[in-house]
Structure formats: structure tokens, C-alpha cells
Amino acid sequence: MSLLKSDFDWKPLALVPVLALVALPLTGSLSTWLTLTVAGLAMGMIIFIIASGLTLIFGLMDVLNFGHGVFIALGAFVASSVLGLMGDWTGSGELWRNLLAVFPAMLVAMLVAGALGLAFERFIVRPVYGQHLKQILITMGGMIIGEELIKVIWGPAQIPLPLPEALRGSVFVADAAIGKYRLLAVAVGLVVFGLLAWTLGRTKIGLLIRAGVQDREMVESLGYRIGRLFVGVFVVGSALAGLGGVMWGLFQQNLVPQMGAQVNVLIFIVIIIGGLGSTGGALLGALLVGLMNNYVGFLVPTLTQFASIFLMVAVLLWRPQGVYPVANR
Amino acid sequence: MFILKRLFSNDMPRSRPLALLLVLLAIGLAFAPFVFPGVKALSVAAKVLVFIVLVASFDLLLGYTGIVSFAHTMFFGIGAYGVAIAATRLGAGWGALLVGLGASLLVSLVLSFAIGLFSLRVRAIFFAMITLAVAAAFQTLASQLSDFTGGEDGLTFRLPELISPSFEFTEEPFLGVSLDGRLLCYYLLFVTAVVLVLALLRIVNSPFGRVLQAIRENEFRAEAIGYRVVVYRTTAAVLSALFATLAGAMLAIWLRYNGPDTSLSFEIMIDVLLIVVIGGMGTIYGSVVGATLFVVAQSYLQDLLRLGSEAASGLPWLAALLSPDRWLLWLGVLFVLSVYYFPTGVVGRLRARAAA
Amino acid sequence: MNQEPLLTLEGVHTHIGAYHILHGVDLAVPRGQLTMLLGRNGAGKTTTLRTIMGLWHASQGRVRLGTHDITAARTPQIAELGVAYVPENMGIFADLTVKENMLLAARSARTADQLDDVRLQWIFRLFPAVQKFWNHPAGKLSGGQKQMLAVSRAIVEPRELLIIDEPSKGLAPAIINNMIDAFAELKGQGVTILLVEQNIHFAERLGDTVAVMDNGRVVHSGSMAAFSADAQLQQSLLGLAL
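As you go down the protein sequences, you meet chains A, B and C in turn.
Take 17 as the starting number for the first sequence in the numbering used here and just add one per residue.
Take 85 as the starting number for the second sequence in the numbering used here and just add one per residue.
Take 9 as the starting number for the third sequence in the numbering used here and just add one per residue.
Don't read these hints as lab results, they were simulated from the structure.
The structure displayed is predicted, hence computed values, not measured ones.
Beta carbons: idealized from backbone N, C-alpha and C, even for Gly.
Worth double-checking, as some hints may not be accurate.
What the hints assert, rightly or not - Going by beta-carbon spacing under 8 Å, a handful of chain A positions derived as facing chain B:
| # | residue |
| --- | --- |
| 1 | P41 |
| 2 | T43 |
| 3 | L80 |
| 4 | E110 |
| 5 | K150 |
| 6 | M156 |
| 7 | I288 |
| 8 | T318 |
What the hints assert, rightly or not - Chain A side only, calculated, beta carbon under 8 Å to chain B, not exhaustive:
| # | residue |
| --- | --- |
| 9 | L149 |
| 10 | L153 |
| 11 | I154 |
| 12 | I175 |
| 13 | L179 |
| 14 | A182 |
| 15 | L183 |
| 16 | V187 |
| 17 | I325 |
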């Protein structure tokens, strides 16, 4: 990302407000629009949390993990078990109690997903470095196995994941109903983005990652063992996916073992729009997809899935590498 | 021998065990109704035939042209729905079938052409992801346009009398098998499968096929030599889609039913991937061997797992792992192991052995 | 002064896929001197450098750095032993600023303030563009400026061996002189340099030892003085006279 203001490529950023503004007259009322927009941004934030890890992994190591969805599902299911144990905390009407249940659930989900990520990288991904076709096949295989194992542990049927008491319902801002949980999602998303941006922009490790995304060989020639860095990024990416899974699950209030595969498609669309390897691009893509999903879901429900694809195709026709392609690939 | 070579477009098995295996499979499939009694066995055989064509068409795209596309099941579905919708709306007649087939081939032609062109504008990884998204969306669309496609429930329809189960052309069973429309239907499928596989062999062994392989190996060089990569890849994409559409039609005709899960589900895509990898990419024969192994295993693996699960009932976690519903788990493990240890598939291995 | 060469290659063969590029390279790079690696395009010079750096691995033979056998070592390890590599394509991180590029190259610095000020001032004196564009994305620099940045990165911290692939490509004569001065100063500090170059002035002013490659082998090695004096030898080996 350029530091010179005048050089900064702001055009893609404009897409978000443009989309929102276009939707305004279509949705009819300001309050509906506001509800949908916040919902869209919240959804976008959750997707971003999941997608950020995937795009960094691809950018840094040229590894495409078609099985990223398994971390999402695992995170969600683990959280459901944890929350299930904390019924009195989630049932309470006090916000702080709810949060004290939700945050540990998120933490555990992240830890488990991260641990699985470590194993996944070691046994599934590492043996096929550099071979794209095999990577696609094997990571898909990994996801299938993961999904089935989830069915073994938690059963094949769907599991409800109700929101804790105080997070249900909405706050009312000038006639518009804004989901409380959605606000929390936006807040968490911003925190994650902030942390990522800070790490990438202000620390040496972040520098290494950004450089490695552009030219891995050169970073190694400068004396850094990028292999170790990659494992770290993979684990963090998996943990983030786990976090995203929890949030997605609470969003839907319902979990199915196939949720990983379902969300997979969305996150692929997001990182394609954003440009493989770009965190900023992933955020942009995620917000656009989130908004698109909510606006179209309200206006023409049948076309919801196609809306995101249409958006992706439109972006690719404009910029075939995504909005913020990373230098060398 | 000469005739044989011409028939197989000079692409012989090149390995005695493989040739033997193929002959056995061919005989087994040709005489399935007589050799393997029972309704289930015939269904398995029919499914094998359908998958042979489907996977072979995918091999053309993946093994020979080097394109990874997850939208393959979409064309499979188009073929199946084409027949189903036509038969439902236009009645059970040969005309309806032909109309359905023609329409679905046309739709596939247009779509695959568009997708093929698009694939050249974006990188391979992008393309793979996009096809994944498109296939998922298509499946949702199929289940949502219920007026047209029967929605989640799908469409059940009747076939022309000649290939309907109710049609019997002799009273007496022949060699223990009743000579009815079902039998004819099976042989229709069999002949179609044979013709289509031989056609694919012809295509991949033609100059066109060789250029495809050259492009797969080194696109830049192929372009530099003077081959217009765009034309070849798009043509391969279209051909592959058309054959998949035909396979879909075959499926619908056999099942007399089609729904979103029957032909569009992601599981089928996974199955196709599994088969092409286990059988051997870039061989066409791989799809024959692989499809047979896979479909048979799939059908009977569940029974095997059931036995195992019952035997392990003392250890609940083991019983859960061996539950017949979890057969996909074990298939997934097999898949991952195949990609590592058998990257050339069964056919590749057998050929390598013979050459050594 | 230690008379043992710092870097030696013995009978090194390198294969890239099916292609056999290096057919038994023997090379000795003496300490504290500048060794020029000459040869026509395709002779195997870049491959030799990459093999030394571990980016490609020798299929046969030995590569030694001081007392370490680095034939099978990984690139980061080799760099940690004090080797700085400036590849032909410069390896500049275009999206990072000049400052960030330099910071990356300085392994001991966590932030820009930890960079050795004295050294930085020296670099700024040699290559003013590096200071001028300090906070700008490196991708915005001209080709010549990128070259300067690439070399600056290699010298931001003291290194034992500098391996440089065609640093003067695309540079204006004035800048080339700056670069020659830089290398002369480095030599004065006892740094060993292995340089692939086509430029005459480099060879004449800086080269102590010369090695000429052809068809994946070193076909001539010896002192630069002797080489520059022998026009016939130059002609036959390189098709041009220095």
C-alpha cells in the first residue's frame, strides 16, 4: 500500500459508498436502508475476518487452501459446545455476562482452529508446495475429511446456536432497527482489521510478510527463514477463520456441517475481487459482498447468490487481477 | 488388429494387465443384466456407464488441456434437466427426448463457450474458484426455479414406451432376465457410452488433442509456435461440456427423475475428481477403470462399513467413524492418499510397470 | 592476510529440470578482492550465482564459504553467513518504501531508527537517490535508481561477501562511477566481491581476479592485470576486447 496520499488508488474504495448510495432509492425507506446497510457491513466484516487469513496465505506462499472452510465450521461447532456449557451466562440478560461467555468461546474456537491449522499445514499442504493442481485437490480432500469428522463428533444434523440474551434484538436509531449483534460484529471486525493493519504496517514481521508476498526468494536471500513465517501465518489465518466461523454461526443462529463449503464460495469471491494477497482488498471485497448480499436479498431474493458472482465478474472485467493486485504475481 | 487400432484411435492400453482389465470391464458391463442378477446390480452398472462418460469428459478438460473447472457438474445437470423438463412438459416420446437433448446441448454450448473465453482472461486459480462459485449458484438457482425445474423435489417423468420398464417384448425371461424396456434402456446407455468413449479417444489422439497437450505443457511456447491458444482451449471446454451434457441426459433417462442433488451436487464434482485422480488423468481409460472401481466401491462400501460399525459397537467412537453414513470420510482419505502416492492413477501405474 | 580463498566452487554441476546448465564449474574467489565473472549471455554466470546462494542446488560438486560447506545449505542460512546477493532483476520490493526495503535488508534492526547512522550517511553520499526517495514506494524509482537501492541494501550492514549480478545495467555513466567508487571503498574495508559485469570500466578499475565462463564451465581464470593486457585472449574468449 502506497504511503503517498496522491498516489493512493482510491477508486476501488469509492465502490462501497457508491453501492450503498445506489441501493438507497431502491430500498424505499431510509430506515430500511440503514438496517440493511449495517447488516451488510456486519456480514462483510465477518467475511473479512475469515478471508484475510486465506488471502495472506495465498499471497505469501502461493498456496491455495480450498479447504479453508473446515476451520470456519470447526470454530463454529467448538463455540457451540463451549456456549452450551455456559447456559447460565448466555441466558442472563446482562450484557457483560453474555460477553464473558462469548469471548471465551471465541478464544477456544480460535485455539482449536489454529491447532488444526498447524496439523493441516504440516500434513496436507506442505507435501504439495508449488503444485497448484495437487494443492486444490488435496485441500479439498482435507475439507471433506474435516466435514465428515465434524459429523462424527457433533452429528450430521443441524445445531441451533442462539444468540445470548442481551445480544438479541435491535437498537433503534431514527426509526431504523439495527441488530445489536451486528454492531458487535462490526466492532470485532474493525478490531481485527486494526490489529492486522498495525502488524502488517508497523512491525518487522509485517514487513516480512508484505515483502514475502511480493518476492519470496528475495526475502530468503536477505537471510530470513520464510518457511517458519508461513506456518505462523497459516495458523493465524486458520484461527481467524475459526473466529469468523463463530461469528457466522451466531449470525445465522444455526450450524450445519456443510457450512464450511458454503462460506468457502463467498470468501473466494471476496479475495478474487480484492486481489490475491491484499488484506485491504479483502476488506473492500468483503464489504461489497456483504452489502450486495443484503441489498439483493431484500430486493430480489432469488438472485442473491448470483449477485455476488455478478459483482465479481464485473470487477474482473475492470481489473482482471482484482482491485489491489499484489506486485509480482 | 488393424481394425482394433483404428477403433481405439491408436491409443492402446499399452499394458497387458490394463488391457485385460478393460476387456473384463467391457464384458462385465455388456452382459451385466445377465451376469449380475438383481435390480441393484443393474443400477450400479448403469451408474458406472454414466460416470465413465462424465469423468472421461472431465479428463479431456483436466488431463489433456490442463484446465481445472468445478463447473462440470453444471453441464451434467443441464443435460439431465433438459431431458427431464422436456419429458415432463412434452410428454413421454422420442421427440420430447430429442428436443430436450438438443436444447440442453445448445445451452451447454453457449455457457461453456462463455466460460471458456472467460477462463483465458483470468489466471488458472481464479478460474477454478470462479467455476466453484458459478456451480454453487447454479445449483441454488435450479432448486429455486421450482416452476420450471421442480425445485427441491425435482422432476419425475416417463420415457418412450420402448425403454420403459413396463414394456415387455417377450413373455418368457431369457437366461433369467425379463426382456423388458428396462433392459433396452440399459443397452441404449451401454451403446451410447461405448460410442462416446471411442469418440473421446478419437478427439484426444487427433492433431487437435496433441495441440491441447502441448498447450497444457507450455502455453507460451504453443502460442509462439503459432497455435491460437484461445481457440483450442475454448473448443476443449465446449467439447468437454457437451459430452458431460450427454452424460447427464443418460442419467436422466435411466433414473426417469432428476433433481438438484441428483446431478448438480458438489458431491458429484468431488466424485468426478476422485475418479479422475484414482483412475489416472490424461488417459481416458482412467475414467473407465476409475468409474467402475469407484461406483462399485461406493455402492458396496456402505454395506461393508455397516458390518464394521456393528462389529465395533462396543467402542462408540469407532462405531461412529465406521458408520455407513460416513463412507465419504473414508473416500476422502483414499482421495488424499491417491493424490500423494498414486498421482498417475491406476492406469498410469500399470502403464509405467509395463514400460519398465 | 588469510591467503585461502573465501569462496570456492569445485566441479559444480547444476541441473534445472531437464537442462544441464553447469558442467563442472571450478572457481576460487580470493578474500578482500573483487573477482569479475565474465562471459557471453547464456554461459551460466547467473546460474553460478544462484547456485552459490542456494536458490538452485548443485547436483554435483562442492561449494565452500570459508570453512563452511554450503553446497546443500538453504538460502537463508547462506545469507546469515554474511553473504549479500543482488540479483539481476534487483529484487526490489516495489510496494514497500525505500526505507522499508533498507530495513528489511538490515537483519539486526527492528525499526528504522536502529539502522546504523554512519553507514546510512555513507550510502546516502554514494547514492543520493536513496536518501531523496526514502519514504517513497520503491516501485516509483527509475531503473537506475532501483539498481542503486539494490546495492545499498546489500551494504546496509557489513557483509563478508557480496555477490552482484550486472549492477551497472541501465545506469548513466556518472552513476556508474559512483558505484565503482562504492565498490572500491568496500574493497578497502576488506569486503570480498564477486561481480558479474559487462562494463569495461568496472573491470579495469576494480577487478583483481577474473574468471571467464562459457558453456557452463570456467574456461579461464587468473589476474585481471594479465587479462586486460592480453587483447587476443579477450577476443577469443569474449569476442570483444576490453
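*Go through the hint on L80 (chain A) and say holds or violated, using the shortest Cβ distance to chain B against 8 Å.*
Status holds, d = 6 Å.
_Hint validation: I175 (chain A) versus chain B, beta carbon distance must be below 8 Å. Holds or violated?_
At about 16 Å, which exceeds the 8 Å cut-off, the nearest Cβ of chain B leaves the hint on I175 (chain A) violated.
_Take the shortest C-beta to C-beta distance between L153 (chain A) and chain B; is it under 8 Å?_
holds, 5 Å
_Can you verify the interface hint for A182 (chain A): is its Cβ closer than 8 Å to any Cβ in chain B?_
Cβ of A182 (chain A) sits 34 Å from chain B, so the hint is violated.
*asked:* Does the closest beta carbon of chain B sit nearer than 8 Å to the beta carbon of P41 (chain A)?
replied: Violated, because the Cβ-Cβ distance from P41 (chain A) to chain B comes to roughly 26 Å (cut-off 8 Å).
*Would you settle whether the hint for V187 (chain A) is holds or violated, based on the nearest Cβ-Cβ distance to chain B being less than 8 Å?*
violated, 33 Å
*Double-check T43 (chain A) for me: the hint is only fine if its C-beta lies closer than 8 Å to a C-beta in chain B.*
violated, 22 Å
*asked:* Tell me if the interface restraint on L149 (chain A) is satisfied: Cβ within less than 8 Å of some Cβ in chain B.
replied: holds, 6 Å
*Should the hint that T318 (chain A) touches chain B count as held when the rule is a Cβ pair under 8 Å?*
Nearest chain B Cβ about 5 Å off; hint holds.
*Would the hint on I325 (chain A) stand, with a C-beta cut-off of 8 Å toward chain B?*
holds, 5 Å
*Grab the minimum C-beta distance from L179 (chain A) to chain B and call the hint holds if it beats 8 Å, violated otherwise.*
violated, 26 Å
*Given I288 (chain A) as an interface hint, is the shortest Cβ-Cβ distance to chain B below 8 Å?*
holds, 6 Å
Of the hints listed earlier, those the structure fails to meet are numbers 1, 2, 4, 12, 13, 14, 15, 16, in rising order.
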